[in-house]
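Position 97 (the sequence shown) corresponds to 97 in the working numbering; numbering is contiguous.
Take the hints with a grain of salt, since some may be wrong.
[Unchecked claim] Okay, the calculated beta carbon distance ranges per label pair:
| # | residue 1 | residue 2 | range |
| --- | --- | --- | --- |
| 1 | Gln154 | Asn85 | 43 to 53 Å |
| 2 | Glu68 | Leu240 | 32 to 42 Å |
| 3 | Asp40 | Gly168 | 25 to 35 Å |
| 4 | Arg141 | Ala64 | 20 to 30 Å |
| 5 | Asn223 | Arg151 | 11 to 21 Å |
| 6 | Glu68 | Leu165 | 42 to 52 Å |
| 7 | Gln100 | Ala192 | 16 to 26 Å |
| 8 | Pro102 | Val80 | 31 to 41 Å |
| 9 | Arg238 | Arg164 | 30 to 40 Å |
| 10 | Arg238 | Ala43 | 14 to 24 Å |
| 11 | Ile244 | Asp40 | 40 to 50 Å |
| 12 | Gln154 | Lys191 | 16 to 26 Å |
| 13 | Gln100 | Pro149 | 35 to 45 Å |
For the record, the hints were derived by calculation from the structure and aren't laboratory data.
Every residue gets a Cβ at the ideal spot worked out from N, C-alpha and C, and that includes glycine.
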Amino acid sequence: MTFFSRFNGLTTLMLPPFSIVIPCFNEEARIGQTLRVTLDYLATNAPESELIVVNDGSTDATAAIARERLNSAQVATRLVENFPNRGKGAAVRSGLLAAQRPIGLFSDADLSTPLEETPKLIEPIANSEVDIAFGSRALDRRLIGVHQPWRREQAGRVFNLLVRLATGLAFWDTQCGFKAFRLDTCRPILKAARIDGFAFDVELLYRAQREGFRIREVPVRWNHAEGSKVSFFRDSLRMLREVIALRAQA
Numbered sequence: 001m002t003f004f005s006r007f008n009g010l011t012t013l014m015l016p017p018f019s020i021v022i023p024c025f026n027e028e029a030r031i032g033q034t035l036r037v038t039l040d041y042l043a044t045n046a047p048e049s050e051l052i053v054v055n056d057g058s059t060d061a062t063a064a065i066a067r068e069r070l071n072s073a074q075v076a077t078r079l080v081e082n083f084p085n086r087g088k089g090a091a092v093r094s095g096l097l098a099a100q101r102p103i104g105l106f107s108d109a110d111l112s113t114p115l116e117e118t119p120k121l122i123e124p125i126a127n128s129e130v131d132i133a134f135g136s137r138a139l140d141r142r143l144i145g146v147h148q149p150w151r152r153e154q155a156g157r158v159f160n161l162l163v164r165l166a167t168g169l170a171f172w173d174t175q176c177g178f179k180a181f182r183l184d185t186c187r188p189i190l191k192a193a194r195i196d197g198f199a200f201d202v203e204l205l206y207r208a209q210r211e212g213f214r215i216r217e218v219p220v221r222w223n224h225a226e227g228s229k230v231s232f233f234r235d236s237l238r239m240l241r242e243v244i245a246l247r248a249q250a
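Take the sequences, apply the hints, and build the full model.
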């Protein structure tokens, strides 16, 4: 499905309407810039889309900054408040379940995957080729501009290997924060999901695979941004326990 618009006599390729969800927790330092970039991108490339910001119990000025940015937007917007802090998984699900467009995409607040990569995920879903498309740093590492610190990058590779062994998922990067869903198909798994922490991505893909959904892993450009909310040791162990529990529930 392809959309075109005409401006000053020029024909421009447009994206079909979609909802973009940005979960945030204590992101006052960058949420203003992130929302400015996102709103500009939508206004230019997908003006019928909507932006949903999920404030996951922030204790700083994140909500106030987001509200100010959204109030002056030229596209549909919404601020969802989760209190108290429940975790990234809960925030993403809240946003996707609130979405009013046929396709829902979530992006990390640091925009590590540039929004210019959005068509790689949206178009296969809009063209009825897949039900879920998600960004991957592992399929083509030449697309990584700024790498994570060596220890964190190696830990991510080990984690994804363990995910493959524990769940049978045949994907190489389940944790990239850039995923899109055909919402009429995926709402049941979003409602059924229970993991609120950082392993929520694995649960959604695992449930989708068990339901026979069409899933595509897509290589995307990516740049590490400082300020990650993931604790290297604490969250890695928690995520591993959550993944093992997934298999036990099968």
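Structure-based check of all given hints:
At roughly 29 Å, the beta-carbon separation of Gln154 and Asn85 lies outside the given 43 to 53 Å, and the hint is violated. At about 39 Å, the beta-carbon gap between Glu68 and Leu240 stays in the expected band of 32 to 42 Å. Asp40 and Gly168 have their C-beta atoms about 41 Å apart, which leaves the hinted 25 to 35 Å range violated. For the pair Arg141 and Ala64, the beta carbons lie near 39 Å from each other, so the given range of 20 to 30 Å is not met.
In this structure the supplied range 11 to 21 Å holds for Asn223 paired with Arg151, their Cβ-Cβ distance being about 18 Å. Checked against the hint of 42 to 52 Å, the C-beta distance between Glu68 and Leu165 comes to roughly 46 Å, which is consistent with it. As the Cβ distance of Gln100 to Ala192 is approximately 21 Å, the hint placing it in 16 to 26 Å holds. Taking 31 to 41 Å as the suggested C-beta distance range, the pair Pro102 and Val80 does not conform, at roughly 19 Å.
Taken as a hint, the range 30 to 40 Å is violated for the pair Arg238 and Arg164, whose Cβ atoms sit roughly 19 Å apart. Between Arg238 and Ala43 the beta carbons are some 38 Å apart, a value that contradicts the proposed interval 14 to 24 Å. Between Ile244 and Asp40 the beta carbon distance is about 42 Å. The supplied range of 40 to 50 Å therefore holds. Under the hint 16 to 26 Å, the C-beta atoms of Gln154 and Lys191, about 35 Å apart, miss the expected range.
For the pair Gln100 and Pro149, the beta carbons lie near 39 Å from each other, so the given range of 35 to 45 Å is met.
When each numbered hint is compared with the structure, violations occur for hints 1, 3, 4, 8, 9, 10, 12.
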